[in-house]
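Participant: In order, the protein sequence lines correspond to chains A and B.
Counting with our numbering, you get residues 521 to 639 for the letters of the first sequence.
Counting with our numbering, you get residues 7 to 144 for the letters of the second sequence.
Hints are computed from structural coordinates only; laboratory data are not their basis.
Don't take every hint at face value.
[To be verified] Where chain A lies over chain B, by a calculated footprint (3+ residues, C-beta under 8 Å):
hint	segment
1	35-41
2	72-81
3	85-93
4	98-112
5	118-126
[Claimed, not checked] Pair by pair, the computed Cβ-Cβ distance ranges are:
hint	chain 1	residue 1	chain 2	residue 2	range
6	A	L547	B	A48	14 to 24 Å
7	A	V614	B	L115	34 to 44 Å
8	A	H639	B	R76	51 to 61 Å
9	A	H639	B	L70	36 to 46 Å
10	A	L547	B	H16	15 to 25 Å
11	A	A636	B	I75	31 to 41 Å
12	B	L115	A	M521	17 to 27 Å
13	B	P15	A	V572	18 to 28 Å
14	A	L629	B	L140	38 to 48 Å
15	A	A574	B	A48	39 to 49 Å
16	A	A621	B	A45	38 to 48 Å
17	B	R76	A	A636	45 to 55 Å
Each residue gets a CB set at the ideal place from its N, CA and C atoms; glycine is no exception.
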Amino acid sequence: MTVLWVALGAAVGAPARYLTDRALQRLLPGRFPWGTFTVNVVGSFVLGLVSVTAGPGVTALVGVGFCGALTTYSTFAYETVALAQRRVLAVAAVYLTGSVAAGLIAATLGRLLGLALRH
Amino acid sequence: MSPRASGQPHLLAVVATVAVGGVVGAEARYGLAVGLPHAPGAWAWSTLIANVTGCLLIGVLMVLVSERIRHPLVRPLLGVGVLGGYTTFSTYTVDTLAAFGGGPAGPALLYLVLTPVLAVAAAAVGVASTRALLPDRA
Numbered sequence: 521m522t523v524l525w526v527a528l529g530a531a532v533g534a535p536a537r538y539l540t541d542r543a544l545q546r547l548l549p550g551r552f553p554w555g556t557f558t559v560n561v562v563g564s565f566v567l568g569l570v571s572v573t574a575g576p577g578v579t580a581l582v583g584v585g586f587c588g589a590l591t592t593y594s595t596f597a598y599e600t601v602a603l604a605q606r607r608v609l610a611v612a613a614v615y616l617t618g619s620v621a622a623g624l625i626a627a628t629l630g631r632l633l634g635l636a637l638r639h
Numbered sequence: 007m008s009p010r011a012s013g014q015p016h017l018l019a020v021v022a023t024v025a026v027g028g029v030v031g032a033e034a035r036y037g038l039a040v041g042l043p044h045a046p047g048a049w050a051w052s053t054l055i056a057n058v059t060g061c062l063l064i065g066v067l068m069v070l071v072s073e074r075i076r077h078p079l080v081r082p083l084l085g086v087g088v089l090g091g092y093t094t095f096s097t098y099t100v101d102t103l104a105a106f107g108g109g110p111a112g113p114a115l116l117y118l119v120l121t122p123v124l125a126v127a128a129a130a131v132g133v134a135s136t137r138a139l140l141p142d143r144a
């Protein structure tokens, strides 16, 4: 059953990442990859929330499936390499460290919200 | 509906392709997590392995897509879908938080720094090695 929840969540999460990236590239054109940055931060917040509130079914659906597929490390790393290859090292460094910092803050806030909701 | 250049797939076809790839990638990541389980707050080998191998493969794929494979659905299927679904940023951030909350700071700090360093290095190695191994076209 868990396999099905993961599949269902991923079937929504991966296209949501693609469409968010596509929309943000049009809205905020430029060198900074706002699309991947946004899905990674939002996904970290949601997973932080789910990690302290949800049971096994919701964790598989929303956590492993949806958040796992909404967020991406491969595109994040590739975009960082591509920025470095285009000699925009400052943007690459800000993107790399900014994504990690914002993701950790978002996960912390999600976790705190989840803990508050539990009480 | 806006007209498209010939050969460009419809948005719905791309979205469906991304969904199929995403499911395959997520199931592979889930399988790895089941095979290499870790206690909450403990070192998350499965996520680290998925992220680093996925980053190596995207480097390989992006060179192949830009220089060899022209089909417009290959990148949505394998790059955005499979590798996007296989790798995860949210599990990295939440596992890192759990590591800081559940044990000594040393391993947590190492996990925090090691993942992005190895991921970016793997993507760069994937790009460089594929470019080096691709035979020049006559």
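Participant: Each hint: holds or not?
Facilitator: Evaluated hints:
Note: the segment 35-41 of chain B has 3 residues with beta-carbon separation from chain A under 8 Å; the three-residue rule is met and the coverage holds. For the segment 72-81 of chain B, the proposed coverage by chain A is not satisfied: 0 residues have a C-beta within less than 8 Å of a C-beta in that chain, short of the threshold of three. Counting residues of the segment 85-93 of chain B whose CB lies closer than 8 Å to any CB of chain A gives 8, so the stated coverage by that chain holds, three being the minimum. Only residues whose beta carbon comes within less than 8 Å of a beta carbon in chain A count, and the segment 98-112 of chain B has 6; three or more means the coverage holds.
With 5 residues bearing a CB less than 8 Å from a CB of chain A, the segment 118-126 of chain B meets the requirement of three and the coverage assertion stands. Distance hint for L547 of chain A and A48 of chain B: a CB-CB separation of about 40 Å, inconsistent with the stated range 14 to 24 Å. The hinted range of 34 to 44 Å is not satisfied by V614 of chain A and L115 of chain B, whose Cβ atoms lie roughly 21 Å apart. Take H639 of chain A and R76 of chain B: their Cβ atoms lie about 56 Å apart, and the range 51 to 61 Å holds.
Between H639 of chain A and L70 of chain B the beta carbon distance is about 52 Å. The supplied range of 36 to 46 Å is therefore violated. Judged by the Cβ atoms, the range 15 to 25 Å given for L547 of chain A and H16 of chain B holds: they are separated by roughly 22 Å. A C-beta distance of roughly 49 Å is found between A636 of chain A and I75 of chain B, which places it outside the suggested range of 31 to 41 Å. For L115 of chain B paired with M521 of chain A, a C-beta distance near 37 Å fails the hint of 17 to 27 Å.
The hinted range of 18 to 28 Å is not satisfied by P15 of chain B and V572 of chain A, whose Cβ atoms lie roughly 41 Å apart. About 45 Å separates the C-beta atoms of L629 of chain A and L140 of chain B, a value consistent with the hinted range of 38 to 48 Å. For the pair A574 of chain A and A48 of chain B, the beta carbons lie near 20 Å from each other, so the given range of 39 to 49 Å is not met. At about 26 Å, the CB distance of A621 of chain A to A45 of chain B disagrees with the hint of 38 to 48 Å.
At roughly 51 Å, the beta carbons of R76 of chain B and A636 of chain A sit within the given window of 45 to 55 Å.
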